[in-house]
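**Student:** My request is simple: use the sequences and hints to build the entire structure.
Now for the letters of each chain:
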Amino acid sequence: MKKEKRIFGKVLMVLSLLFFYVPILYMIVFSFNSGRSLTNFEGFSLRWYEHMLQNRDMMESLYTTITIALLATVVSTILGTISAIGLSKSRKFLQKIILQLNDFPIMNPEIVTAIGFMLLFITFHVEKGYMTMLLAHIAFCTPYVILSVMPKIRSLDPNLADAAMDLGATPWQALIKVLVPQIMPGIVSGALIAFTMSFDDFIISYFVTGGGVKNLSIMVYTMSKRINPSINAISTLVVVLITVVLVIINVVPMIKERREKKHEKIIG
Amino acid sequence: MKRFSQLAIPYVVWVILMILLPMLLILFYAFTTQGNEIINFTFTFDHFIRFFTDHDFLLILWRSLVIAFKTTVICVLLGYPIAYFIARSSDRVRNILVLAITLPTWINMLVRTYSWIGLLSEGGILQNLFGLQDTELLYTEGAVLLGMVYNFIPFMILQINTSLCKMDSSLLEASADLGANKLQTFLRVTFPLSLSGVISGIALVFLPAVSSFFIPKLLGGGQFFLIGNVIENQFITVGEWNFGSAISMIMAVIMMLCMYLIRRVDEHNNGGRQKKA
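Protein chains in written order, with the UniProt record's numbering: chain A, 1 to 268; chain B, 1 to 277.
The hints are simulated quantities; they were obtained by calculation from the structure and are not laboratory data. Bear in mind the structure is a predicted one, so any value in this text is a computation, not a measurement. Please note that a few of the clues may not be correct.
Result set (DSS-like, lysine-lysine): computed pairs, CA atoms no more than 27 Å apart in a straight line [what the hints assert, rightly or not]: (1) A/K89 to A/K10; (2) B/K182 to B/K166; (3) A/K177 to A/K152; (4) B/K166 to A/K10; (5) A/K152 to A/K261; (6) A/K128 to A/K225; (7) B/K182 to A/K96; (8) A/K256 to A/K152; (9) A/K152 to B/K70.
**Tutor:** Take a look at the structure:
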């Protein structure tokens with residue numbers, strides 16, 4: 001009975017992992033297909049990658065995706081961290097209202113947030129394009145940074161900054177040398193969420209872009225209407241890039257931890 | 001110390017401009033007449049009347065709710081056993097499995113949806129594997145449903161798994177000691193205690209499923225219109241922002257109602273349990 005159950009569980013797990021990964025692997029395999037077909041694998045070739053590299057639109061969308069993700073991450077991380085610190089010292093009433101509003105882009109259906117931005121830019125005659133996409137990305141990433149930094153600040157001793165200043169630190173020094181290092185894990189995870197959110201975003205980018213500015217997701221969306229295997233190539237690139245980022249996220253802390261433990265051993 | 005509170009000022013301004021104002025604009029556009037000049041406008045309910053008197057729009061709304069409901073049911077029925085198995089595994093296996101389920105959620109949803117096109121298309125692997133050469137798979141309601149389950153089920157699994165892992169295992173022992181068999185223990189102890197996870201999973205699956213628009217577009221081939229597609233159409237193709245805003249408002253209100261009902265069920269459930277205890 002127990003054994004049967006275990007086998008059932010194992011079969012279920014294998015099936016569900018196949019369900020999750022087969023489509024992605026299938027797409028990756030077919031990005032190396034020498035033929036046009038999405039169903040018959042005719043032989044290995046890098047033809048579609050060449051095709052992708054020669055396609056100016058695709059390369060531009062890659063550039064747009066990466067630069068927007070990096071810029072949005074930097075700005076939203078700084079803005080989010082500063083704001084979270086500020087809010088934690090603000091009056092409770094203001095803090096509550098702002099945090100409520102901060103939850104809006106997270107709770108709302110993405111399409112509603114997206115048309116909100118679109119209407120904002122249209123109403124005030126802001127020309128849609130790279131800048132509007134960047135602004136929108138900063139706007140939907142910052143709430144996540146605040147959400148991940150806030151608990152770290154709350155767990156700090158509220159007198160920490162005062163103590164630093166009593167010991168002669170300027171407010172700026174207290175902020176940078178005392179507060180920020182203490183909440184660093186929250187800042188880092190906030191930045192990572194921001195980066196992956198921005199890198200993967202489709203819906204919001206799709207509604208706020210204009211003038212032919214596209215990110216990779218928009219590219220895939222507009223090209224998927226007809227069969228074009230270079231979408232497989234560019235999609236594979238997206239998958240590989242985000243997996244590399246995730247591996248770095250998961251592996252770097254492990255290496256760091258190991259190194260720290262080593263240090264501890266050496267010192268201790 | 002007080003001076004740190006000034007650091008919040010930029011964000012207060014930012015929130016008003018980039019979060020509050022866009023939401024107010026949706027409201028404003030939904031209740032005003034055509035024309036995109038904010039100087040000349042008149043208030044109207046026409047957009048709402050137009051939506052609720054048009055048979056086609058109501059049908060699309062109904063279809064979106066039904067498919068989201070189906071998606072949710074499938075996600076619970078498939079996700080629960082998977083989550084249960086993960087929660088019962090050893091720590092090491094559990095960590096690996098949780099990572100394996102989480103990883104796809106970090107990969108671009110659009111790309112993941114697109115990846116099904118090759119598998120489902122005519123003469124593709126799935127048709128041959130299951131002997132369905134004569135059945136069309138891609139561009140059907142089934143394909144859209146599949147795409148939604150594929151995209152959203154990880155959220156369900158992870159939520160249920162978390163609630164199962166939080167459960168105190170001594171409760172199971174107590175239940176067994178008191179003479180309950182495995183099925184009884186599951187039905188009367190495990191399942192009720194994991195219900196909060198199921199409910200937050202339902203919210204995480206149902207809400208994005210109602211509003212999704214690229215899944216029906218990619219896998220339904222434009223023949224299977226959902227409410228999200230209507231909104232997309234109004235904004236991107238037709239350019240009727242006022243009507244589009246009204247539809248989004250209707251959708252947002254319906255979603256809030258659903259959330260409220262789901263929460264009520266959850267509260268009711270918790271309340272009942274506390275009373276019994």
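**Student:** Each hint should be assessed against the structure and marked as holding or not.
**Tutor:** A quick look at each hint next to the structure:
1. For the proposed pair A/K89 and A/K10, the alpha carbon gap of about 51 Å is over 27 Å, so the pair is violated.
2. Our distance criterion of 27 Å between C-alpha atoms is met by B/K182 and B/K166, whose separation comes to about 19 Å.
3. About 16 Å separates the Cα atoms of A/K177 and A/K152, which keeps this hinted pair within 27 Å; it holds.
4. Among the hinted pairs, B/K166 with A/K10 is consistent with the structure: their alpha-carbon atoms are about 22 Å apart, no more than 27 Å.
5. A distance of roughly 23 Å separates the Cα atoms of A/K152 and A/K261; the hinted pair therefore holds under the 27 Å criterion.
6. Straight-line distance between C-alpha atoms of A/K128 and A/K225 comes to about 24 Å, which keeps the hinted pair within the 27 Å bound.
7. A threshold of 27 Å between alpha carbons decides the hint, and for B/K182 with A/K96 the separation of about 46 Å lies outside it, so the pair is violated.
8. With a CA separation close to 20 Å, the supplied pair A/K256 and A/K152 stays within the 27 Å bound.
9. Proximity of A/K152 to B/K70 is assessed by CA-CA distance (about 39 Å); at most 27 Å being required, the pair is judged violated.
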